[in-house]
Amino acid sequence: MSTTTAALNRRRRTASEKRRFIQPAFALAAAVLLLGVPFWLVISTAGKNQAEAFNPNLAPPSDWRLFENFAQVFDDGRMVTAFFGSLLVMVPAVFGVLLLGSMAAWVLGRRSSRGMAMVYALAISGIVLPPAVVTVVLLLRQLGLAGTAVGMIGVYMGMYLSTVIFFVTGFVRTIPPELEEAARVDGASPIKVFARIILPLLVPVLATATILICLYIWNDVFYALFVIGGRIDTLPLNLYQVASAGLYLQNWHLIFSYIILMSLPLLITFIVAQRKIISGITSGAVK
Amino acid sequence: MPALCVGTPFRKGTIMTASITSTRKEAPPQSTAPTPRPDRRHKDHPLWFLVPALIVLVVFFFIPTVFNFVYAFTDWSSFKSAINFIGTENFVSLFSNGTLLNSLKVTLIYAVLVAIFQNLFGLILALLLERDTKVNRAVRVAFFVPVIMSALAVGYIFQALLKPGGALNGILSFVSGSEVSIAWLGNTTWTIVVVALVHAWKWMGLSMLIYLAGLKTISEDVVEAAKIDGASWWATFRKIRFPLLAPAVTFNVATALLGSMNGFDIVQATTEGGPGGTTELLNIFIFRTFGQGLFAQATTMSLVLFLTVMILAFPLISILRKREDVL
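Heads up: the sequence lines are chains A and B, in that order. If you're matching positions, the first sequence starts at 1 in the numbering used here and goes up one per residue. If you're matching positions, the second sequence starts at 1001 in the numbering used here and goes up one per residue.
Hints in this document: simulated from the structure, not taken from any laboratory. Think of the CB as a built atom: it goes at the ideal place given N, C-alpha and C, for glycine as much as any other residue.
Just so you have them, the derived chain B footprint on chain A, three or more residues with Cβ under 8 Å:
(1) 22-32
(2) 129-135
(3) 158-171
(4) 182-195
(5) 215-225
(6) 237-244
Mimicking DSSO-like on lysine-lysine, the simulated pairs with C-alpha atoms at most 30 Å apart in a straight line are:
(7) B/Lys-1134 / B/Lys-1227
(8) B/Lys-1322 / B/Lys-1239
(9) B/Lys-1105 / B/Lys-1322
(10) B/Lys-1216 / B/Lys-1322
(11) B/Lys-1216 / B/Lys-1134
(12) B/Lys-1043 / A/Lys-192
(13) B/Lys-1216 / A/Lys-276
(14) B/Lys-1227 / B/Lys-1322
(15) A/Lys-276 / B/Lys-1134
Looking at chain B on its own, in the form it has when it is part of the complex:
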């Protein structure tokens, strides 16, 4: 706040000197120096403009993150008022009863599956709807509707669709001619794949749009030249167009992977972490334990999520960026 009070008089000072020099030299001030002196530039873009944003970031983002590193080592819970340090006990108990590794494994598998499916579907849709026809434009808009829907709502829709007596099994029964009653959301091995597919379904419209924008940036000449040389559609795509899509791939893979590590809504609405904890993402665990009043354990898992994302994010982004540079 004091920075705000200091900023204003400084500003007046510069205006005064500027007007003095201009009257004395009889020349427009912008021509006095092509590059303004650094101290002058600093007054033109005062630091206090940063202060409100930094206050909000520090209070609501950085301090809670620092608290994560503190309260993960305490026995903070709703059952007692005092909070005591207990060292690494939370980590040890979550590690030894298997929940930490299970949730971590589920989260990573989920994130990788979502990244694969979402990008695959998005890219296929982009290639399918690439030409600017009326039908394609309408279908693109339709595929964007799931993106703007609530993820929780999408979860409930698929819960109804994938029930053993639900619509999908109804369609499959109709097509195959015999009764199909697969428990899509009740399989300890495959349900994670199913929920990842639902997540990819919700977001594939966004990936599609970004791939479409990427395809638009590729010059027609390059593709035309390849065609004249007799390259097939597939060869042109694999050798020329896909490598040129690198920036779009970077964005899509990074957002899908890191975004789904933070997933919650779809899994909560379809399986609530079941069956048998096989779809229990870190955020589902955090929500459940928080609801039980075990705040310190929830904090510990929140810290695990934070560290996992941090460890993955920076190498991932730099690897994907490097791939762009090579081209």
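For reference, chain A alone in the conformation it holds in the complex:
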């Protein structure tokens, strides 16, 4: 009996030793093939001159001019304005959905009645249902908000409140009500209970929601094209215009330089906070 287990262990050990070399090799091969090729195409093309980049291929540039190309898109691509345009719609929208969403989620998570269940179902329906992108433009015109940052912020808030309410309501239900009771006994108003007790406890789930919604809004081009296209520049809108409609048509070195520059803010944030981001996103999905 002991000899068989020993043999089994030995066999398992050699198998796992083999795996120790094969598995990383496969992992790295997958990364090189699936990620290395497209990313190298972007970086090498962004480093080429116009003639070399005309037909993008994997050959390295004869003369690296990455930073010259960066400087060129920075100067004539309206990139700075677009960057601030992106911030202008993203920051208030994210702040707004987090605040309004967690206020609503607190009440929805604490009260239980038929009516509340219905309000909750309606409030989270936006997670799956697509926004009515054409008629929202009509509505914004009637409200005098067409083409304005306020209109765009409102549209984003309407789209992503559902996500926040869904995440936060689930989280609120896990917070023991006794924590609130203690503050209430000391005479705290609901606003104080919410701001002093509940909001600080919601930080982990709000961080996850912030990441997801920043990701969606920073990269959104579809809704921006309808609501603020041509009025306010955001980075993806500007990329769409320069790449598809003129300035950089077929100028791949500039398109790819633009893509690198516009991806940097999120990329740097992600690299700095990758552990928190990854654990935040995964904790919400699998319960």
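Got chain A; can you put chain B on it based on the hints?
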């Protein structure tokens, strides 16, 4: 707004009664009743907290959705100022010239393909990178980079990569030794598969993470017990681990399917709906017709998308949930 003014004095009232009872009974108020009376609870979580969120939801989400059901039956366009009801004419014309069915078919095929590819790649990556080694952790982070990139940018990258004279054909020519010039984005049958693969490439990192989290929740003992019984890796995966991944599958399939029904960026950046409308998703059609000033037709398609997602979403989610319950 009036709810806000009403809420505050009520609150003061409760504080006053609470302090009165506590002085009279000489006991801490929380011990008076283990479960607070319902009216008291309601004041603790006032309804006006819901109001700002509901206003935003109603104005920017529900009213436009209701408008969808109204303006799809009008002749709203940029060519005239008046808007008149014309009944189901938009539906009839979009149906009879084939665009409605074509876009609907393309959208559904795209969504199903994306859901299959994204989950397949995500699951394979999760299994490949399951162990917590340094290499695996680095590779996982790398596979998450496409997720945080703009979908439009991903589309442009693949447009360059998949051109007839592009990098992919260059690699294939190098490997095969003969000139390869496949028009990956110019085939009326297969291009939809190619763009679905690009979409899956962008999001597979997210599916991978969620499958990894799901795999982590499976207890070591169960897998170890199966191994001792002599079950192969594949048998263990198929019979034990995959069924236990049900919650992750639910999340991934539902988000991939419903998210790609709402797709736009990648297809717009690679094919713009071509060749010959074979990759024209509903959202591409909506964007194009809106740009032409045919607002009512765009609204009609938006309504079709809304109804399709609604019809699919609720049964889909309940089927996937039921599968979880069985386990």
